[in-house]
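Engineer: Sequence:
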Amino acid sequence: MSFEELDQLIAGLVSDGQLADGQYAFGRDGLIVTAQAFGEATLDSRFCIFSSTKPIFASLVWRLLDNGKLDLQTKIAEVWPEFGAHGKDRITIEDLLVFTAGIPSPMIPRDAVGTREGRARHMEQWEVEWEPGTRYEYHPFSAGWVLGEVVARVTGLDHGTALRELVLDPLGIARLELGVSGDRIGEIRPVRYIRSAPFDILEALTGEPSTAESEEKVLFDIRSFANDPVVIGAGAPGGGAISDAASVALFYQALLHNPERLWSREILADATANIRNRMPDPLRLGAPANRTIGLLVATEENPRLSIPEHHIDLEMHPFGPAVSPSTFGHGGGGGQIAFADPETGVSFCFLSNVIDRDAFAAFNNQQDIVAAAVSAMT
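Position one of the sequence shown corresponds to residue 583 (this note's numbering), numbered consecutively onward.
It is worth saying that the hints were derived from the structure and are not from the lab.
Even for Gly, the Cβ is constructed at its ideal location relative to N, Cα and C.
Heads up, some of the hints might be wrong.
Claimed, not checked - Derived DEER-like restraints, expressed as beta-carbon distance ranges:
id	residue 1	residue 2	range
1	709	597	46 to 56 Å
2	653	713	17 to 27 Å
3	616	697	36 to 46 Å
4	903	660	41 to 51 Å
5	769	660	15 to 25 Å
6	653	883	21 to 31 Å
7	697	747	14 to 24 Å
8	599	660	27 to 37 Å
9	867	769	33 to 43 Å
10	890	756	43 to 53 Å
11	897	927	17 to 27 Å
12	716	927	37 to 47 Å
13	687	754	36 to 46 Å
Based on the sequences and whatever the hints tell you, model everything.
Structural biologist: What follows is the structure in structure tokens.
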């Protein structure tokens, strides 16, 4: 592998102010091949990995599916009767994993997120927005919190401890955590923001007004989530894991090689290759969601976003067109990239502490990083 092209690309983005601090790591044959840090980060730094958390927590649920404590068709209300109020009685484990549960919008407020009881009280009051199982919409945080409570009820452990004891410790992954507190928070690079949102492009795309005020509301929510010690300590299963890049790349090696036979062959094949949700994805212009029970699969079904008057022409590929169609993984809202390609046996993770308000520029940068990473793999 030659990493010169990737290192030069990242150095240029840092020099231009399009990236700040970060890391990348490659894995192969069950091991980390290389890991690098840039900006003010070191290899001892860690980052909020946002939604790249989702497959990692899902892998804990896979273990519970394997040992019979849960089933994909288990209704949440069977495990947690109070949750079934307000139309949520039909939501299943599978609905939560593939985001057809009908509860995409709810958030847990800061004053409740720090305790299991406070979180449960809010989740019990959530109302469904559509009939579970009938449509797809990305669930940023809600599905993960519900799964976290289910895990606690069937294992007797809080969700972060369950992930540690049932998945991360057996894999020897010590620096990936859900729920970080005390002095260890100092290892986390704080999230930063760059650029302004391209309001004219957003309005052309959505047909709706886009303003600095609406942007700031979203960014405030993200800022509160990513940098708040209370929220970091709670460990959101849908987007709050703290890690370095090497640990994430090593996790994806585990999905390729299954050390210690942590998961059954059947559940791992289901999770990494069996696309259960091909419903239209509004974030992908109505193209198939292509979701398994915890992962995105690259496939060859990726739409193009074209706005000629703004010189926008993007293939909306989750990992970039250079990877194989069988590649699986999950990105994160802070520009995180994490995937494994079964055809090459390589896993890759890129972490950064920058959230770029210009989503189109950020997407282009991610595609360039993946292309350089794939080139380095060969």
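Engineer: Indicate, hint by hint, whether the structure satisfies it.
Structural biologist: For each hint, the structure was consulted:
1. 709 <-> 597: 46 to 56 Å: Holds, since residue 709 and residue 597 (Cβ atoms, about 49 Å apart) stay within the stated range.
2. 653 <-> 713: 17 to 27 Å: Given range 17 to 27 Å: holds, Cβ gap about 21 Å.
3. 616 <-> 697: 36 to 46 Å: holds, 41 Å
4. 903 <-> 660: 41 to 51 Å: holds, 43 Å
5. 769 <-> 660: 15 to 25 Å: About 39 Å separates the Cβ atoms of residue 769 and residue 660, which means 15 to 25 Å is violated.
6. 653 <-> 883: 21 to 31 Å: holds, 29 Å
7. 697 <-> 747: 14 to 24 Å: Since the Cβ atoms of residue 697 and residue 747 sit about 21 Å apart, the hinted range of 14 to 24 Å holds.
8. 599 <-> 660: 27 to 37 Å: The hint (27 to 37 Å, Cβ to Cβ) is violated, given that residue 599 and residue 660 are roughly 51 Å apart.
9. 867 <-> 769: 33 to 43 Å: Holds - the Cβ-Cβ distance for residue 867 and residue 769, about 39 Å, lies within 33 to 43 Å.
10. 890 <-> 756: 43 to 53 Å: For residue 756 against residue 890, whose Cβ atoms are near 50 Å apart, the range 43 to 53 Å holds.
11. 897 <-> 927: 17 to 27 Å: Check passed, 25 Å falls within 17 to 27 Å.
12. 716 <-> 927: 37 to 47 Å: holds, 38 Å
13. 687 <-> 754: 36 to 46 Å: holds, 38 Å
Checked against the numbered hints given earlier, the structure breaks hints 5, 8 and satisfies all the rest.
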